[in-house]
Amino acid sequence: MKTFLWVSLFAVAGAGGAYAQQEPGGRYTTLAEAPTSGAKTETGTGIGLIQRIDKERSTVTIKHGPIQGLNMSAMTMSFPVKDRALLAKLQPLQKVEFELSYDGKNYLITKIN
Amino acid sequence: MNPLSRRSFLAAFAGAGAAGLAGGLLRHEPVFAASGAGEQTTSSAVLPGAAERLFTNRLRLPGASGLYAAVAAKDVRQITVSALDFEVLPGLASPFWAYVAEVGGKRLLNPTLLARPGDRIELRMANRLKQSTIIHWHGLTNDERNDGVGMQQVASGRHYDYAFTVRDRAANYWYHPHPHDIAGEQAYMGLAGLLIVKDDDEEKLARALDLTLGVTDIPLVIQDRSFNFEGRLEYKLSREQMFMGFLGEEILVNLTARPYVDAARRIYRFRILNGSNARSYRLGFAQGGRLLDYHLIGTDGGLLEQPRKVREVFIGAAQRLDVLLDLRVASGNEPVFLKTLAFDPMHNESVDEKTGKPAAAAQGGADPHAAHAAPGAIADGTEMPLLRINIKSSPEYRGEIPSQLSRLPGPAAAAGEPRRFRLGHDGKGNWNINGWRFNMHETPVTVQRGTRETWLLQNNHASMPHPVHIHGFPFRVLERRDSPAQVRELATLPNRLLPQDSGLLDTVLVWPGESVRIALDFTHPFPGDQTYMFHCHNLEHEDTGMMIGYKVKA
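Taken in order, these protein sequences are the chains called V and L. All residue numbers for the first sequence refer to our numbering, where the first residue is 3 and numbers rise by one. All residue numbers for the second sequence refer to our numbering, where the first residue is 504 and numbers rise by one.
Hints in this document: simulated from the structure, not taken from any laboratory. What you are looking at is a predicted structure, and each value in this text was computed from that prediction instead of being measured. Treat the hints loosely; a few may be bogus.
Partner residues aside, some chain V positions facing chain L, computed with beta carbon under 10 Å [claimed, not checked]:
#1 I49
#2 L51
#3 Q53
#4 H66
#5 G71
#6 M74
#7 M77
#8 T78
#9 Q93
#10 L95
#11 K97
Label pairs and their computed distance ranges (CB to CB) [to be verified]:
#12 R648/L / Q70/V: 52 to 62 Å
#13 K739/L / E44/V: 25 to 35 Å
#14 Q70/V / K739/L: 15 to 25 Å
#15 N73/V / D588/L: 31 to 41 Å
We put the beta carbon where it would ideally sit given N, CA and C, even for glycine.
The shape of chain L in the complex, shown without the other chains (with noise of 0.2 Å):
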């Protein structure tokens, strides 16, 4: 059965629940509808009955120590990474891995660190994991040495040692292990911290809006993830998982399940960082049956240059949205939720490529990739609230949302033909860029230090959504084609661009059919032949082989 037939399939079973035709055991219920006047609503049953009620941990918060202590960078001398005991759940111990630091007599697992451009960072990396490790310090400008990948990971009980000088803008970027085949599972089981660069663009935001970090400017790192009947984390994959990359049966935020923050009435900023392994999220925040208005004022490589206006955003596993939320525009104090909105996921892999439609072979058989999502796990693209936010009675506040955030220069774009390259599979299980799978010894892409290129992106057909994350140069999108109905409708940018387009990016996320154009410069300062990585962030693709090195030719 092809994915649109099991689709069908799967939503008419559904519906014969709700008839009670399957005796009323299963519901299924549509949780948002298009109005007549084309504004998104829920459904009035939805968010102020069970759900609500359901959100009774408070969201962990970057502290003096602890779980995401911030911690300025340079003051950072180890970061060791550590298997021990955490409570994911509240009172239940779990396996987690963390990446531990002491400073100043306080012990902080995956610190958030804050550095500014120029900082000179200098640490050490003692892996205490019984397996290989590195850290790739995600979004930033390194030396191949410094990039942390692969090629650099080192064995249990041994060290790195980083030293690199932040070069780039101000923005939200992170930090997370990036060993050979196994990244999927040391992410997972916890390893993943926030690197956020301020410039003084930020601190006038800040002052402005009178924004404090860890109050009123808010991290929120969204993973899914599973438990076993202990609550402890799990991490089991089936082959077919492994293609499809993990899903999870909760969604987590900063390590909350079912979280819930107390908020007064006045503007917020949320730096989010995709965090999952695999798993894509639509993201809108929404009050009772009404979706809210918010602004994107940042993407992976910071600030843009304006702020614009949003009702829901898409955002790929690696990816980071910075936006502002003015809880003024709520009503009365019933509670605002960050939701992930109802998507089609387009698990299209079985697709036929020509005609983009289900493939004659697949149409009578058996969906070799139909059981990817283990009994229990949150279906790609299902509508789920996230993060309750408790509207609380507040001093007045009369900040406004700046009309002017930073300055980012238009994207370079080199003249000629762009590079192309083709995110597929080869109909055995295997992801593959343009019919390459990774080869620790090989860079089948070299490109020119100090030119200008631009990259043609091609998902196939019979795919699914990839995030394409390229080290070592941030990038411009220039233009979107062919891209899916749910995509198109929210480009409200020229080049049928995304309004996350707009800003400058290390991750974009490539639909099925879609081509995506970006813009690169390989400028930078670093001597001798240099090597990166080019690869999908779904960890599940990229332990299995969907990643390329391309060398950087002095």
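Isolated chain V (complex conformation) (with noise of 0.2 Å):
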């Protein structure tokens, strides 16, 4: 299940890739969402390269590299971040090292820098 929701995040970023583009790095605009039921919230960090910001959803797009106990490989996908005033200091194309939680439905940044 796991495998198949990132797989058509993926392909589903990808898709917007070829369109929604009107400003650079306005490509992904996919919230990383989970529906599975519910389990422990398990907490990962990862590196990646800042590619979108928005303050209104309060959502940061990143380009990352495996993340560590999450499983998750490398991809582009937008986030949800825990505090909107995490993003204050963030800038597009901007190496970051961040923190992310899965609740077993949500994923969630919870630190970034």
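Two chains, each in its own frame: build the complex with the hints.
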């Protein structure tokens, strides 16, 4: 299920890449939300390159490497952040380290710098 | 699925996203829409908002040292082709390959070489890469040995000595790698520099407009690139991408991501090189919702006779455009953006050749090239801002666009039937010219030194745009036929020519279904037979064989 979800999200991000580009980095607007049944919260850490920051939606799109702890391979995805203030110092194409939690349904960036 | 229906499908998909059918997660907004008055305008939501704020990196400009530093070509004794670390993105070291010159105790990367007609250039290329390479002096009239192509490439650790006289008009030439099979990777990794030849006409223009190189006379090298998650340059191609050409995730100007430049309210000269591997651009300057007029003053082979007022111009890979932008026409202090405007990239490689319509066999099936753009790559033809120009308060400026720039004799066409070249592919993923693919030991075309010829470059319908580059001899465009509508609507000159067709060229963009007739004069001073290349400058096409050698018989 998880594998299917990632493949789907990746494909959608790719299709977005062909269109929704009225600004640099504006190609991925897919929220990483996983409608799987409840489980205990897991946490992973990753390194990535900021693609886009959406302060209205409190999301950040990251081209990231493998996420240690969540068994997530490298890809480009949008994640919600725990606190909008986390976005304040981010810039597109900035390299960041981030912490990502997964509660069985949603992904959430809890730290990023 | 053929490309046309693919586009329809994706457009519908994006439309559904905008309508909320995809959960509101995808957004697709048209950026430009034609107004009733026939003037293109931008949608108001686009530029003044988020995109504007994203351009936070100061544009890299030629300075006294470092990247693009300007230096007299005759003072350069050696160019070392080097692999090094370089911060393409701020603060992030990336593998980067550069032409490195040491001049006057300064280290220059991809220096902007300056010369005058008649100058002698004598330098050694030392290859410190782990693979073979060779420098090609793009646009210059050289003998075969100094032209620099795969036949002369030198192995890692070896060197090659160039010695030639600059025989060409003042113009914006450039130098880049031209090894067999691997030019695309080498150019992508950073190897490219400008060679600016100046003459009295150039200096007259600079005086009249008070232009200074690197300040108000600004080279702009446009290249698209992709970075991995650590900000390192990445060049990975699928088989489909080798067929279509590399498309990156970011469009850089002067190796600056999302750049800005501060400007005064005056005339600027931009010497634009499309240094991308494969991407074409439709360049315009926009302020808010308005496209600004600008003046085309030169092409690959130097200044036009007179400036030509334009609002948008196509530029294919390897081509140069020399333009003047008068920022006094901008209103207020709202920034102006250099943009690539939306266009149909015409990846029509799967259409039926006879009808130009989607091939029956492809209508219900999968398009083998549908995945050519890697996830995240900016699709060819997408509208994108490239450079933000901040308008600053400045003293009064009185310069005016001159009415006369230079003298450029009209093309002298040869009588009789043209020599025909058809651009196409074999249906198996191999582009070719008249069915020929590159063979280093063959020259399927022979011309006689001192003669004139007309060549007819015919691009198949089942094709994509090809920027055709001819080594050894600049040429003039005589006529375009069967141009696609988006090209035809910009063709303001007789014989359906574009404004940039009125200049001297070394590369011409030929669209699917289009025929372009060009005039060549094979007069040169070099003794003996000379062999030159004639190829598509989509570097992935070049690397996979869309190139032939032609012999100039003494």
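Hint check:
no. : hint                       : in the structure
1   : I49                        : 6 Å, holds
2   : L51                        : 5 Å, holds
3   : Q53                        : 8 Å, holds
4   : H66                        : 5 Å, holds
5   : G71                        : 16 Å, violated
6   : M74                        : 12 Å, violated
7   : M77                        : 8 Å, holds
8   : T78                        : 6 Å, holds
9   : Q93                        : 7 Å, holds
10  : L95                        : 5 Å, holds
11  : K97                        : 5 Å, holds
12  : R648/L / Q70/V: 52 to 62 Å : 55 Å, holds
13  : K739/L / E44/V: 25 to 35 Å : 30 Å, holds
14  : Q70/V / K739/L: 15 to 25 Å : 23 Å, holds
15  : N73/V / D588/L: 31 to 41 Å : 32 Å, holds
In summary, the structure is inconsistent with hints 5 and 6 from the numbered list given earlier, while agreeing with the others.
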